[in-house]
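Q: Top line first, the protein sequences correspond to chains A and B.
Residue numbers are given in the numbering used here: position 315 of the first sequence equals residue 315, and the series is strictly consecutive.
Residue numbers are given in the numbering used here: position 77 of the second sequence equals residue 77, and the series is strictly consecutive.
Keep in mind the hints are simulated off the structure, nothing from the lab.
There's no promise every hint is true.
Copies of the same chain look alike in the list, so a pair counts if it fits in one copy or across any two.
Computed list of lysine to aspartate or glutamate pairs in EDC-like fashion (alpha-carbon distance at most 20 Å, straight line) [unchecked claim]:
| # | residue 1 | residue 2 |
| --- | --- | --- |
| 1 | K312 | D247 |
| 2 | K232 | E277 |
| 3 | K312 | E17 |
| 4 | K6 | E115 |
| 5 | K249 | D271 |
| 6 | K297 | E75 |
| 7 | K112 | D304 |
| 8 | K297 | E238 |
| 9 | K76 | E9 |
| 10 | K242 | D274 |
| 11 | K249 | D307 |
| 12 | K224 | E277 |
| 13 | K76 | D271 |
| 14 | K249 | D211 |
| 15 | K14 | D304 |
| 16 | K112 | E253 |
| 17 | K233 | D116 |
| 18 | K224 | D22 |
| 19 | K224 | E9 |
| 20 | K312 | D30 |
2 protein chains.
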Amino acid sequence: MGVFTKQSEHSVGKLTEGEIIDRFVAALADACPPFPAGPGGDCAIFPAGQERPFRVATIDSVVFGRHFDLACSGEKAGAKLIQRNLSDLAAAGATPGDALLSILMGPDVEAKWLEDFAHGAGRAAARAGLKLVGGDVCRTAPGTFSATLAVQGFAYRVLTRRSAQVGDVLFVTGHLGGSIYGHHLNFQARLAEGEWLCGQGAVTACTDLSDGLGKDLPGLLGPKLDALVDLKKLPISEAATKLARQDGKPALEHALQDGEDYELLFAVRADQADFIEATFAKTFPGTPLTALGTIAKGAGRLCDAADQQPIKAQGFSHFG
Amino acid sequence: MGVFTKQSEHSVGKLTEGEIIDRFVAALADACPPFPAGPGGDCAIFPAGQERPFRVATIDSVVFGRHFDLACSGEKAGAKLIQRNLSDLAAAGATPGDALLSILMGPDVEAKWLEDFAHGAGRAAARAGLKLVGGDVCRTAPGTFSATLAVQGFAYRVLTRRSAQVGDVLFVTGHLGGSIYGHHLNFQARLAEGEWLCGQGAVTACTDLSDGLGKDLPGLLGPKLDALVDLKKLPISEAATKLARQDGKPALEHALQDGEDYELLFAVRADQADFIEATFAKTFPGTPLTALGTIAKGAGRLCDAADQQPIKAQGFSHFG
């Protein structure tokens, strides 16, 4: 049972739009509030102004053939859509609020796979407290499936990129590289860690790693800072090492360039770095944390701390 | 010049994701606030709690081959994406707030067409006061293009479907049917009208017509009311009449079944119907308004006022 079916009686093409939506909403279960806060109207409706002082918003998709393949269950694809977006909220240190979902799919999508997708999305959203408040479904060419989620979160303070200072210490959670071996479908966004970091005044900037450290680190730095990274300390994942043995590319390159780590990369004021590192370890004993190096004046580059020369690493490029 | 190009040097496949986003954001122009409220971070950031008491949210897409074709300019496709979503805000009576944009497209999309798309979207958004605060771009199969917009609006009171009462008078703006002749690419969402209707306590329910009166009216009624419609009064568009001459289907059927009218359908308390009709005409002299009939106990059906029998009309069905 996969995303597409050749038995048209099992396909979404046999269902009306209303039937598709009814089944999808039922499968979303607890993640879906009742009308009018949830599906059923022209818009979802909320009381405004009851939230924390900052509201943040982001949008991200999963596309068949790009973010998952024929071997992927509907549950995992649905959960991935939610986690990808939650990872952006985690990077901002925000608490999940509400989300809108758009499905574009061919008439040959298997109705059961779609229901599994909704189950996976609904469970992941409910676990994180994210409410799926509305959506849209539209037909595309046979053999295609994509789902786009727009999410909002709320925060007392918001972590951003480009706000690190010279001298700050850089940290990263988890292990990097080789996500294609399974992590890209089996991760949980670092929401609790992001919210905790957001509460620490010494944390100056944060982002999540979706395109690979080599590409996301310059995004964190902005155009006027460099990162001096101790490459020996880079937390290379087992999957990256395994992949390196297969394709002959150094594991270090996989750790720098592979996308979909969904880990948090953040900067901390130097005088507080030891304190943050120790407190983080106590608060999140299951989450690896590595001090990668420091931030210096520069030009948005990732440099080897040993010789202070830029490292060439591109990360995952969507349109290369 | 169309959406796809065979000259790969003019295609988006030649650009990096960063280049695509930079050009797109530049073309969005005034519709796009600067970082961190706009693009550039993991999330867009706003101060929360300054808004009107209600927040509403909706999501909608334009898909190549479904909502526009090879003959359609980028500007018109981009404007259509915005107007489709604004029409939902208009139905709620909400003022446009902010929006997130997701583009899924093949590598053969023409870079210039995409820029035109951003111009069209940016201009339509800016005119309505809608801020495009973030987005995402992702590669799909050659020959494909879709864009999804998630929007938010704010209101002092929110108009909804399913809140009409027995005896209410039904009104519709504009003319219905035959949208395929051009209206579907050349409409402006009835935002001002929606906001005005929202301010009138006698207006009990409202929706916009995107799938055709035959389908959207039952959505407005809910399961316990019927609409008794005077079919002679139905405001049939010139395009529907023209289309009827071509395909031999009655113009009335086009007015009932064709999608993409993007007009407002609303219910008014009977004792205030004349007052609302007269005041609306003074306030919006350029917007046709028609009293279609009245609301009675029933089962979500569109009935002919003459014989009180249900009219069979399906409207535009996405997955039929």
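Q: Have a look at K242 and D274 and pick one of within, between, both or neither, based on CA distance no larger than 20 Å.
A: neither (32 Å within a copy, 76 Å between copies)
Q: Can you tell me if K249 and D271 fall within 20 Å by alpha carbon in one copy, between copies, both or neither?
A: Answer is neither; intra-copy 37 Å and inter-copy 78 Å both fail.
Q: Checking K312 and D247: alpha-carbon separation at most 20 Å within a copy, between copies, both or neither?
A: within (19 Å within a copy, 62 Å between copies)
Q: Since the copies are identical, ignore which copy is meant and state whether K224 and E277 lie within 20 Å (CA to CA) inside a copy, between copies, both or neither.
A: neither (26 Å within a copy, 61 Å between copies)
Q: From the Cα coordinates, with 20 Å as the cut-off, is the pair K224 and E9 best called within, between, both, or neither?
A: The answer is neither: 58 Å in one copy and 32 Å across copies each exceed 20 Å.
Q: Regarding K249 and D307, is the shortest C-alpha distance of 20 Å or less found within a copy, between copies, in both, or in neither?
A: Answer is neither: 22 Å inside a copy and 77 Å across each miss the 20 Å cutoff.
Q: Checking an output row: K112 and D304, CA cutoff 20 Å. Within, between, both or neither?
A: Neither: 50 Å inside a copy, 39 Å across copies.
Q: Is it within a copy, between copies, both, or neither that the alpha carbon of K112 lies no farther than 20 Å from that of E253?
A: neither (39 Å within a copy, 35 Å between copies)
Q: Since the copies are identical, ignore which copy is meant and state whether K6 and E115 lie within 20 Å (CA to CA) inside a copy, between copies, both or neither.
A: Within one copy, since 17 Å is at most 20 Å while 38 Å is not.
Q: Treating 20 Å as the Cα threshold, decide for K297 and E75: within, between, both or neither.
A: neither (45 Å within a copy, 42 Å between copies)
Q: Using 20 Å as the alpha carbon limit, work out where K249 and D211 are close: within a copy, between copies, both or neither.
A: within (18 Å within a copy, 53 Å between copies)
Q: Within a copy, between copies, both or neither: which one fits K297 and E238 at a CA-CA cutoff of 20 Å?
A: Result: close neither inside a copy nor across copies, 33 Å intra and 66 Å inter.
When the structure is compared with the earlier hints, violations turn up for hints 5, 6, 7, 8, 9, 10, 11, 12, 13, 15, 16, 17, 19 and 20 and for no others.
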